[in-house]
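Residues per chain are reported as follows:
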Amino acid sequence: MRKSTGLELFLRGTVARGYPRIWGAHRDLSWLLFDVLIPLVNTSAFVFLYRALHAPEAYIGFVVLGGAMSTYWLNVLWMMASQLYWDKQEGFLELYTMSPVSTMAILLGMGVGGLYMSTVRAGAIAVIGTILYGVKFDASQWGFALLVFLVTMVALYGLGMTLSSVFLMWGREAWQVSEALTEPVFFLSGMNFPLSKLFLTIPGVLTIFSAIIPVSFGLDAMRQLLFPGQIQGIFDPWIELGFLAAMGVVFVTAAYLMLRRMEWLAKVEARLSLRWQ
Amino acid sequence: MDYARPHLNTSDKGEPLKMTLRENLRTLRIAAWLGWQVEGNWADPLVFFIFTLLKPMASALILLVMYQVIAGGQRADFFGYLFISNAFFTGLVIQLLVGLSWTIIDDRENYKMLKYIFTSPARHLSYLVGRAAAKGAIGMMTTLILLGTGVAFLGLHLDVARVQWGWLGVYFVLGIIILAGMGLILAGISLVIARNAFAIGQVVAGSLLLFSGALFPVDTLPSMLRSASLAMPITYWLEGLRRALIGGIPMTSGTNPQPLSPALAVYDNWQLLLILGVCAVVSAVGSYLFFNFMEHQAKERGMIDRLTGY
Amino acid sequence: MSLDLEDNVTAQEINSLPASTEQAASVDAHTEEQTSPSTDRPLAIEAINVRRVYKVRGEKKAKDKQQRESQKTLVALDDVSLEVYQGELFGLLGPNGAGKTTLIKILTTLLAPTGGVCYVDGMDVVKQANQVRSNINMVSGGETSGYGILTVRENLWMFSQFYGVTWKDAHARIDEMLKIVELDDKANTRISSLSTGQRQRMNFCRGFITDPTVMFLDEPTLGLDVNAARIVRNFTRDWLKQNPDRTVLLTTHYMAEADELCDRIAIIDHGKVLACDTPANLKRMLQKQPVFEITASGLTPRALEALAHSPGVAHLSADPGDAEGAYRMKFILEQESAIGSVVSTLAAHNGSIVSLQKNEPTLEDVFIKLVGRSLSASSES
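Residue numbers (numbering that gives the first Met the number 0), protein chains in the order written: chain A, 0 to 276; chain B, 0 to 309; chain C, 0 to 380.
The hints are simulated quantities; they were obtained by calculation from the structure and are not laboratory data. Heads up, a few of these hints could be off.
[What the hints assert, rightly or not] The calculated DSS-like cross-link candidates involving lysine-lysine, where the alpha carbons are at most 25 Å apart (straight line), are: (1) C:Lys167 with C:Lys185; (2) C:Lys71 with C:Lys54; (3) B:Lys54 with A:Lys196; (4) C:Lys126 with A:Lys2; (5) A:Lys2 with C:Lys167.
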């Protein structure tokens, strides 16, 4: 029997692991309702909060865009970073580790599948939110905005892979850390307000944490491109794109190194099959 | 080999007696202990404390920055309104609504213990209420710490002398009953749908965030949505808590103060009490009947021990 | 040679026989009588002085300092050495907590040993883990994992891709394996709709679809019904027959399964290998000489005397039966062929044989002898 190796094996693993996410998602469409409705109602709550505060209309657009992007962070955190924890509980992690395919291929497959689901969600939120609340985007630089978005995704999912390596070692702490990271990242990445306003409010050390979250600069750049003149960005979008590209390289490299290291540590400390502790 | 038979409360005919109140309380106590273990024994107390607070503190900070960004700290009246209701919402509403439906999913799909609980003589509702009690305790702790942090560091003005403790206690208890009932209804629904059911609690919590006046006066909403808001018991609950803590109806600051939420200002405390009292009774009775019905449905469909993840 | 009308000799009591019978004792991992035909083949699995120590978490602390120290670590494997040859179906027998699963996890690259070294197909499981993984697979009994939303075929296909199997080969193998385990009608059924036994059979297929050179079966028939267990055992045996360059390492609680399937068995307890040999040799450890039970009628004391002195009879014990002249006799012979002279002597004295059976010690007897308790008692403790 011929068996693939190298890049071919990597790609097979990616496609195979992405398959349940994509085709499985089509078989149980309840996720669509929940995963669109939840961020949509949360986003709507912030829209009305801004309206109660008589904020400029551009802020409504910031919130809608932030709400759409929040689905990607949630996907990276819950369906990628902590997914290996879930797989450990189900007994899949042992099967993955024992197979010759690289863990990064597994994670990439999860990421691709998750990206698909998140894009459906984000698209629905952006479209519905735009229609409901009359958001006016400037589409003249949509290509640049798309490029920023794609690079942000590479960096974000690279971060997700890096986090997943840490979660390999954990038990229930993984779930708790995911819970704990959800809102703080919303806060630090400026999901609901311009990053420049956030940086004026928080201490310096927190701005560093904020800067290393890919969504922060990604959102800031996209808002500058889609709402030109209505927001003061931290840096020029090209500079922020550069930061995001660098983050992508760093996070993907870190993910590779940390996955190897953490997998080794997990084997030494017998955590690959430690369940529900 | 003879095995010692466990002592059972049996009648003279040897049939098991019905579960007494004491048995229910025992189930409740054990479930509360279990809930506390599930929530808390993964880390030492300090780490647990920090992690429990991170999420609600972050959500409070999000609101603070939004407020600062727009109002620049000029609308202290609005900030108080926003912060108080968010503290109760984040602490209790989320824990009880999301937490109860999650308990069903967790026990069924992750720990795979739900079938053993449901085949034991333990009263299932008592078990869920017990599990909810642990979450409620954590939620209450979160709420108190948020309020304390708001007062100490974030500019929340609360005058202890003006707090109406009696009303606060009454509103609080009625709200817990309503929330627990709603949580049980969601838990019942979770029994019959797939793993994504945990999201149903989040959908309801998110909807309440939008409609209950937790973040902004309900008058901000378009009239149709405002009607939906005024049909929700949580709206009145949060209004009652705000009044009790502030010492009266929340008003705008300035020379000509107006109610921050005119739609709710028309109700006095006794009317709020009546609304919440009726809702509490309906919630308690309705959730009991609904949960039993959904449990029966789950058994018919074989969902008690079904695994649905992907 | 003695006639003992009162004794009822059992396999365990054979240990107290005169010095002509060797005493059974704990043996090293390799016995002197290796009659396995596989020793001329290359090694498929080799464990050399393997040690695995776990840190114990979450234990309530003992009051005694010495007990506290010992609570901190658990020695799961203690200087284990094993050799499994290509083509063997090698069994690992031991009670719960003996270290079987720990050893399998080390061999399947899921766990790092604390000391020692292991090789699978000549490759170090630690330093060459990726290469090892291409050649192995594992099926754990009682395993019911599977993505509920996918069908049986899709689950199996997905895992085949992690081993680089081409789509065409994967689907062909899936069809073949599902037919063998009688799940072919469930190929397009979602996992969430399968029973526990069906899921286990599906997971059994998962292991073989990738055509591993070394297969690890960790209690593969656990929880399966009689028919399914039989299918699994038959398939495993046939697979090895058809693929003599493959190797299987099997752990099991079922003595009969180990006896039926395994070319050699290692008995492990408290992290140590107590014995390692063919089932027949292991049983011979307890009982070098064949034992026959004969129930006969029409015998006189003189006939009994003659039987006790028949050529090749080392020991005879006889219990009177219900009728006059009926006896239940137990013969310990010096060699199996001596039964012929026993039967002749019986006939010569006008005895009638009611029943004749050969008694062999079971693996359970061997286990009890080595471990000191039965497998079921071990499980309860």
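Right, here's what the structure says about each hint:
1. This hinted pair checks out: lysine 167 of chain C and lysine 185 of chain C have alpha carbons roughly 20 Å apart, not beyond 25 Å.
2. For the suggested pair lysine 71 of chain C and lysine 54 of chain C, the alpha carbons sit about 6 Å apart, so the restraint of at most 25 Å is met.
3. For the hint pairing lysine 54 of chain B with lysine 196 of chain A, the CA-to-CA distance comes to about 21 Å; that is within 25 Å, so the pair holds.
4. Distance restraint check for lysine 126 of chain C and lysine 2 of chain A: the Cα-Cα separation of roughly 22 Å lies within the 25 Å cut-off, and the hinted pair is therefore satisfied.
5. Our distance criterion of 25 Å between C-alpha atoms is met by lysine 2 of chain A and lysine 167 of chain C, whose separation comes to about 11 Å.
Consistency with the previously given hints is maintained throughout, with no hint failing.
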